[in-house]
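Novice: Chains as they are written, first to last, in the numbering used here: chain A, 300 to 623; chain B, 20 to 471.
Just so you know, the hints here were simulated from the structure itself, not pulled from any lab data.
One or more of the hints may lead you astray.
[To be verified] Under the rule of at most 27 Å between Cα atoms (straight-line distance), these lysine-lysine pairs were calculated in the BS3-like manner:
1) B:K361 - B:K379
2) A:K583 - B:K106
3) B:K416 - B:K462
4) A:K583 - B:K443
5) B:K390 - B:K53
6) B:K157 - B:K257
7) B:K466 - B:K455
8) A:K583 - B:K466
9) B:K330 - B:K208
10) A:K583 - B:K361
11) B:K208 - B:K283
12) B:K136 - B:K77
13) B:K178 - B:K208
14) B:K157 - B:K84
15) B:K77 - B:K257
16) B:K84 - B:K258
17) B:K369 - A:K583
18) B:K330 - B:K223
19) B:K455 - A:K583
20) B:K462 - A:K583
21) B:K390 - B:K138
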Amino acid sequence: MDKMTTISQPDDATIASMSEPARSRATRRVRGLSDRTIAWLFVAPTIALLLAINIFPLVWMIRLSFTSLNLSMSYLPLRFVGTDNFTDILGDEDVWFRLQTTAQFVIWSVTFQVIIGFGLALLINRQFRGHSFWTTIILLPMMLSPAVVGNFWTLLLQPQIGPFNYLISLFTGVAPSSFSMTGQVSLAPWTIVLVDTWMWAPYVMLICLAGLRSIPDYIYEAAEVDRASAWRQFWSITLPMAVPFLMLAVLFRAIENFKMFDMVNLLTSGGPGSTTELVSITLKRAAFEKWRTGYSSALAIILFVTVFGAANIYVKALNKVKQR
Amino acid sequence: MRTSNWLRSSAATTVLGAALLGIFGGGQAAAQSKQLTLCWAAWDPANALVELGKDFTKQSGIEMKYEFVPWTSYADRFLNELNSHGKLCDLIIGDSQWIGGAAENKWYVKLNDFFAKEKISMDDFVPATVVGYSQWPKNSPNYWALPAMADAVGWTYRKDWFSRPEIQSAFKAKYGRDLAPPKTYDELKQIAEFFQSREIDGKKVYGAYIFTERGSEGITMGVTNVLYNYGFSYDNPKKPYQMQGVVNSADAAKGLEFYKELYKCCTAPGMTNAYMQEGLDAFKSGQVAMQMNWFAFFPGLYKDPNVGGDKIGFFVNPAGPNGHFTQLGGQGISVVATSERKDDALTYIKWFAQPAVQQKWWQLGGYSALKAVVDAPDFPKSAAFAPQFLESMGIVKDFWAEPSYAQLLLDMQKRVHDYVVADKGTSQQALDLLVKDWTKVFKEQGKQVASQ
C-alpha cells in the first residue's frame with residue numbers, strides 16, 4: 300500500500316519534468332481511473348436513466364401485452380393470453396374507425412398547416428418593415444400549452460357566448476346559436492383540424508423560413524438576369540429547394556398529430572359520440588379509465604410500430620429527395 | 020487530482036444529503052402522525068365537510084387535510100391512487116360504483132368488526148344507502164364503508180316563471196291543464212317544449228337541462244333516469260348477468276328514444292357535452308326552466324341570490340310508463356387499506372357516525388343517510404328540497420357496482436352518446452351493442468352470462 304501511494308502521488312516538479320505522453324500516463328495513474336472509465340462514469344447515469352425510464356418500461360409493456368392484466372381487477376390471476384390482445388384489437392371494428400378518424404385528422408391538419416405555414420414563410424421572408432414583430436405574433440399560438448389552447452377555444456366556440464359563432468353569423472347571416480362547432484357531427488372533426496392548424500401552422504412556417512433563408516441569393520440573381528418571372532422563380536427555385544424542409548415539417552407534424560391527445564380531449568372529449576375520438580384517446584380510455592392494461596399495452600405497441608414503420612419509409616423518401 | 024477530489028466530495032455530499040433527507044423525512048413523518056388526509060370530489064358538500072371537520076379536530080386533536088379533485092377527474096385520480104396502493108388518502112369518500120372493485124381488490128378496510136365493536140348499526144341508515152354505498156356483495160352483511168353523503172338525481176324549476184299568470188294561461192290554453200311541476204316524463208316534455216325558445220323578461224329561454232357529458236359518467240347518469248322508468252334493468256333479477264332482452268328490451272329502447280327527443284326538442288344550444296356544472300351555470304344564468312341535477316347542489320342553488328329562494332322549486336324525477344325510479348348518487352366513507360393511520364381514520368368514522376354530527380352535517384349542506392336525521396318529524400320542513408330528497412331516496416336505483424364498473428360505464432357512455440348526441444343508429448341498435456359490450460366485459464371477468 301505504501302509503495303502504491305508513493306508511485307501514485309509524484310510531486311509537481313517530477314511531473315513537470317516528464318515528456319507529454321509520460322505526463323499523461325502519470326496523470327492517469329494519479330487519478331487511478333482511465334479516460335475510458337471516466338467517460339463511462341459520465342455516461343453511465345444517462346444510460347441507467349434511459350434504461351430505467353425508457354427501455355425497461357418498453358420491455359415491460361411488451362411483456363404485459365401478452366397478458367390479461369386488468370388493474371381494476373388485479374385480484375384475478377394473471378393469465379398469459381398469447382397474441383389474443385393483438386387479434387382482439389386488429390379484429391375490432393371500433394379500433395379501425397378510430398384509426399380512420401386519426402388518419403383523416405392527420406391528413407387534413409398537416410395539409411392545411413403546410414399550405415398556411417409555407418404561405419406565411421413566403422410572406423415573412425420578404426423582410427418588410429415590422430416583419431420581426433409579425434413573426435413573433437404569428438409564433439404565439441405554438442408557444443401556448445395545448446391545455447390552454449383547448450380551454451381557450453372551448454370558450455371561443457361556445458354557441459351562445461363564444462365570439463366565433465358571432466363572427467360566422469356576421470358573414471353568413473346564420474343565427475349564432477344555431478350551430479355548435481364542437482357538438483355537431485358534421486362540424487366537430489373540422490373544428491379540431493382548425494384549432495390544430497391555428498396552433499401549429501406557425502411551427503411549419505418556422506421550418507420553411509429556415510429553408511427559404513438557406514437558398515443563396517445568387518440563384519435568384521441569375522434568374523433575374525435570365526428574365527425569369529416571379530412565378531417561374533417560385534416553381535423552379537423556391538419550391539424545389541424548400542421541398543426537403545417541407546417534407547421535414549410534414550414528418551414532424553404527422554408524428555405529433557398521430558399522437559394528438561390533450562387538445563382534442565379538452566375540446567370535444569372525442570365526441571359528439573365517437574366522432575372525434577382519435578386513437579390516442581381510445582388508448583388512454585383503455586389504459587387509465589377501463590384499466591385494461593394488457594389490451595392497452597398491445598394497442599400501444601401496434602401504434603408505435605405503425606408510426607415507426609411509416610416514419611422510416613418517409614425518412615427514406617426524404618433522403619432520396621435531398622440527394623436529387 | 021481535482022477530478023478525484025470532485026468525485027469524493029460529490030459522494031460525500033450525496034451521502035450527507037441522503038442522511039439529512041432521512042432525518043428530516045423521518046421528522047416530517049413523525050409530525051404528521053396526528054393528521055389525516057381525506058379524499059373526495061371538489062364540490063359544494065366538500066366545503067361543508069371541511070367546516071364539519073373542525074369539530075373533529077377540536078375533539079380529537081387530529082388535524083384534517085383534504086384532497087378534493089374535480090368530478091371530471093375524480094374517478095381517474097383516486098382509482099389510480101387506490102390501484103397503485105398509494106398512501107395519499109387515509110380516508111376516502113369513494114363513489115358508490117367503486118365498492119365492488121374496492122372490496123375485491125382489498126383497497127378498503129372491511130368495517131364489520133369495527134362496526135360491531137363501536138355498536139354502529141347499519142340498520143340505523145337509509146336502506147338504499149347501505150346497499151348502494153357500503154355492501155359488497157350487494158345485499159350481504161359485508162360492509163366496506165359508512166354511508167356518508169346520500170344523493171340522488173332530482174330536478175329544479177323556475178317557480179317564479181311557473182307562477183306567472185300570463186305563462187299559466189298560455190300553458191293552459193295550449194295543453195288544457197295547469198302548469199305545475201311534472202309528475203311524468205310526458206308532462207315534463209310538454210312543459211319543456213312550452214318554454215323552449217320562449218321570451219321571458221326580454222330573454223330567450225330554453226325548456227330543460229339534461230346531462231349529456233361524454234368523458235366520464237354524465238350522459239349515463241342522465242339517461243338512466245328515463246330508462247329505469249321505461250322498464251330498463253341491468254340484468255334479469257332471477258338470472259344475474261342475463262342482459263339480453265332486459266337491457267335492450269323494446270321498452271328500454273323507447274326510453275332511450277325519449278331521452279333523445281327531449282335533448283333535441285328542449286335543451287339549449289351547445290349542450291352536447293354538459294354535466295353538473297354546465298347545468299348549474301344554465302340554471303343560475305336564467306337560461307332554463309327546468310334542470311336535472313344532483314340533490315347535493317340544491318342547498319347552494321336555494322341560496323343563490325338570482326334564482327334561489329322563492330324563485331326556485333324542486334321536484335322528484337318524473338315517473339315513466341313502466342315505473343318510478345331515480346338514479347342514485349352519493350358516496351360512503353372508507354378507510355384506505357394502505358393508510359398508516361388506520362386507527363385515527365376509524366376514530367373519524369366513529370365520530371362521523373354520531374347522530375349529533377350527522378344532524379350538523381345536514382345543516383351545513385351535506386346529506387345525511389342516518390335515519391335519526393332524515394326520519395325526524397321536522398326533517399321535511401328543514402329545507403325546501405327535503406321532502407323531494409326523502410321521496411327520491413325511496414326510489415333510487417344504481418349503476419353496476421361490479422369491479423369492472425369502469426368498463427361497463429364507459430361502454431354505456433359511448434353507446435348512448437353515439438345515439439343521443441351523434442345521431443348514430445337507432446336506440447335499439449345502441450342498446451343491442453351495449454349488451455354485446457357488457458357481455459364481453461363480464462365474460463373477461465369470468466362471469467357466466469346467460470343469453471336468454
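Novice: A separate judgement is required for each hint: does it hold in the structure or not?
Specialist: These are the hints, each one checked on the structure:
1. For the hint pairing K361 (chain B) with K379 (chain B), the CA-to-CA distance comes to about 25 Å; that is within 27 Å, so the pair holds.
2. At roughly 24 Å between alpha-carbon atoms, K583 (chain A) and K106 (chain B) fall within 27 Å of each other, so this suggested pair holds.
3. Restraint check: the Cα-Cα separation between K416 (chain B) and K462 (chain B) comes to about 24 Å, which is no more than 27 Å; the hinted pair holds.
4. For the suggested pair K583 (chain A) and K443 (chain B), the alpha carbons sit about 23 Å apart, so the restraint of at most 27 Å is met.
5. A distance of roughly 32 Å separates the Cα atoms of K390 (chain B) and K53 (chain B); the hinted pair therefore is violated under the 27 Å criterion.
6. In summary, the hint linking K157 (chain B) to K257 (chain B) is supported, as the alpha carbons are separated by about 15 Å, within the 27 Å threshold.
7. Restraint check for K466 (chain B) and K455 (chain B): the C-alpha separation of about 14 Å stays at or below 27 Å, so the hint holds.
8. In summary, the hint linking K583 (chain A) to K466 (chain B) is supported, as the alpha carbons are separated by about 26 Å, within the 27 Å threshold.
9. Annotation: proposed proximity of K330 (chain B) to K208 (chain B) holds, straight-line Cα distance about 21 Å (limit 27 Å).
10. Taking the CA atoms of K583 (chain A) and K361 (chain B), the gap is about 33 Å. The hint is violated against a cut of 27 Å.
11. With a CA separation close to 11 Å, the supplied pair K208 (chain B) and K283 (chain B) stays within the 27 Å bound.
12. Under the criterion of a C-alpha separation no larger than 27 Å, the hint pairing K136 (chain B) with K77 (chain B) is consistent with the structure, at around 24 Å.
13. This hinted pair checks out: K178 (chain B) and K208 (chain B) have alpha carbons roughly 17 Å apart, not beyond 27 Å.
14. Note on K157 (chain B) and K84 (chain B): the hinted pairing is violated, with a Cα-Cα distance of about 31 Å set against a maximum of 27 Å.
15. This hinted pair does not check out: K77 (chain B) and K257 (chain B) have alpha carbons roughly 51 Å apart, beyond 27 Å.
16. Only pairs whose Cα atoms come within 27 Å are accepted, and K84 (chain B) paired with K258 (chain B) is rejected, the gap being roughly 45 Å.
17. Taking the CA atoms of K369 (chain B) and K583 (chain A), the gap is about 39 Å. The hint is violated against a cut of 27 Å.
18. Proximity of K330 (chain B) to K223 (chain B) is assessed by CA-CA distance (about 18 Å); at most 27 Å being required, the pair is judged to hold.
19. Only pairs whose Cα atoms come within 27 Å are accepted, and K455 (chain B) paired with K583 (chain A) is accepted, the gap being roughly 22 Å.
20. Straight-line distance between C-alpha atoms of K462 (chain B) and K583 (chain A) comes to about 23 Å, which keeps the hinted pair within the 27 Å bound.
21. Distance check on the hinted pair: K390 (chain B) and K138 (chain B) sit about 16 Å apart at the alpha-carbon level, within 27 Å; holds.
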